[in-house]
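Visitor: Generate coordinates for the entire structure from the input sequences, incorporating the hints supplied.
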Amino acid sequence: MKLDELDRQIINATQAGLPLVPKPYEAIAELLNINAETVMQRLMLMQQQGVIRRIGVIPNHYRLGYRYNGMTVWNVVDERIDELGQQVGELEFVSHCYHRPRRLPEWSYNLFAMVHSKTETEVKSQIKQIEILLDDANLGNDVLYSTRILKKTGFRMSQ
Amino acid sequence: MDAIDKRIINQLQGGFPICESPYQLIASKLGLTETNLIERIKLLLESGLISRFAPLYHAEKMGGALTLAAIKAPEETFDTLAKIINSFPEVAHNYQRNHVLNMWFVIASDHPERVAKVIQAIEEQTGLVVYNMPKINEYFVGLKLEA
Numbered sequence: 001m002k003l004d005e006l007d008r009q010i011i012n013a014t015q016a017g018l019p020l021v022p023k024p025y026e027a028i029a030e031l032l033n034i035n036a037e038t039v040m041q042r043l044m045l046m047q048q049q050g051v052i053r054r055i056g057v058i059p060n061h062y063r064l065g066y067r068y069n070g071m072t073v074w075n076v077v078d079e080r081i082d083e084l085g086q087q088v089g090e091l092e093f094v095s096h097c098y099h100r101p102r103r104l105p106e107w108s109y110n111l112f113a114m115v116h117s118k119t120e121t122e123v124k125s126q127i128k129q130i131e132i133l134l135d136d137a138n139l140g141n142d143v144l145y146s147t148r149i150l151k152k153t154g155f156r157m158s159q
Numbered sequence: 160m161d162a163i164d165k166r167i168i169n170q171l172q173g174g175f176p177i178c179e180s181p182y183q184l185i186a187s188k189l190g191l192t193e194t195n196l197i198e199r200i201k202l203l204l205e206s207g208l209i210s211r212f213a214p215l216y217h218a219e220k221m222g223g224a225l226t227l228a229a230i231k232a233p234e235e236t237f238d239t240l241a242k243i244i245n246s247f248p249e250v251a252h253n254y255q256r257n258h259v260l261n262m263w264f265v266i267a268s269d270h271p272e273r274v275a276k277v278i279q280a281i282e283e284q285t286g287l288v289v290y291n292m293p294k295i296n297e298y299f300v301g302l303k304l305e306a
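These protein sequence lines are chains A and B, in that order. Those letters in the first sequence? Residues 1 to 159, per the numbering used here, in order. Those letters in the second sequence? Residues 160 to 306, per the numbering used here, in order.
Bear in mind the hints are in silico, worked out from the structure with no lab data behind them. Check the hints yourself; a few may be wrong.
As the list claims (entries may be wrong) - No farther apart than 27 Å at their CA atoms in a straight line, the calculated lysine-lysine pairs in the DSSO-like style are these:
no.	chain 1	residue 1	chain 2	residue 2
1	B	231	B	294
2	A	118	A	151
3	A	152	B	231
4	A	152	B	242
5	A	152	A	124
6	A	118	B	276
7	A	23	B	165
8	A	152	B	276
9	A	128	B	276
10	B	188	A	124
11	B	220	B	276
12	A	23	B	294
13	A	152	B	220
14	B	188	A	151
15	B	220	B	231
16	A	2	B	294
17	B	165	B	220
18	B	242	B	294
19	B	276	B	294
20	B	165	B	188
To be verified - Ranges between beta-carbon positions, derived for each pair:
no.	chain 1	residue 1	chain 2	residue 2	range
21	A	86	B	219	15 to 23 Å
22	A	86	B	239	37 to 45 Å
23	B	286	A	36	47 to 55 Å
Note that CB positions come from ideal geometry on N, CA and C, so glycine has one too.
Guide: So, in structure tokens, the structure goes:
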């Protein structure tokens, strides 16, 4: 979607956080010297076009008790990656699933699936389910748990 | 975090309406007052249970680009390297992970050419190889973590 200057101003005014006041869109409108209707229309259009994935909260996984945030990585035979990637993405506990390039010789994995669990038993069982699904198309796998959040600001548009 | 906070987090992961009084709308769904809902969101942000309450903008859909990259950071200089990498506004997330490739970060920009430039700058400033793994295909994105 092609954004104009006003879209960019609205993005800049909202990307760090929505105003915590009863009429948040009006507050943004006042800041930008436009009317609230325009702000809401622009936001709705951006949401329809996918520029806004959703408006909402980003929880801190750890603080909600999800201690096992694992990036499971798999070396899947190239011919079957799309078919199997689709199926892994459909598992209800997978939050992100991507085909990415291998970086040989150090990195031989091409399928990335993020899983989140409160217990080790649960995460192990999730990994096992992916393993069963991939079966003999899986040439090797690993799981990289996040041990520390170093930054979590999210994407920011350039000023 | 009490039962009401959990319901707020679960409700707001699903989306927030675009209308004149959106807090009022959500508050009535949850059986709260508007003021109470706003106060609780403030506290959830302050206490770090939620890291952000905002529209989630999609770099690619606005003509930008993003990638996932990793480095092998030596333990002695890990924190300094994290500081260098985090100083780029294009670095959206950065996590320490238990692997030889122990620092994993997302670089996102609405100017697609910036991604390669940031990688190059990180390599110059850290003296390390950046393993760049841009997605080839996206099969799924989206999960609600039940509070």
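Visitor: Determine which of the earlier numbered hints do not hold for this structure and return their numbers in increasing order.
Guide: Result: hints 6, 9, 10, 12, 14, 15, 17 break, sorted rising.
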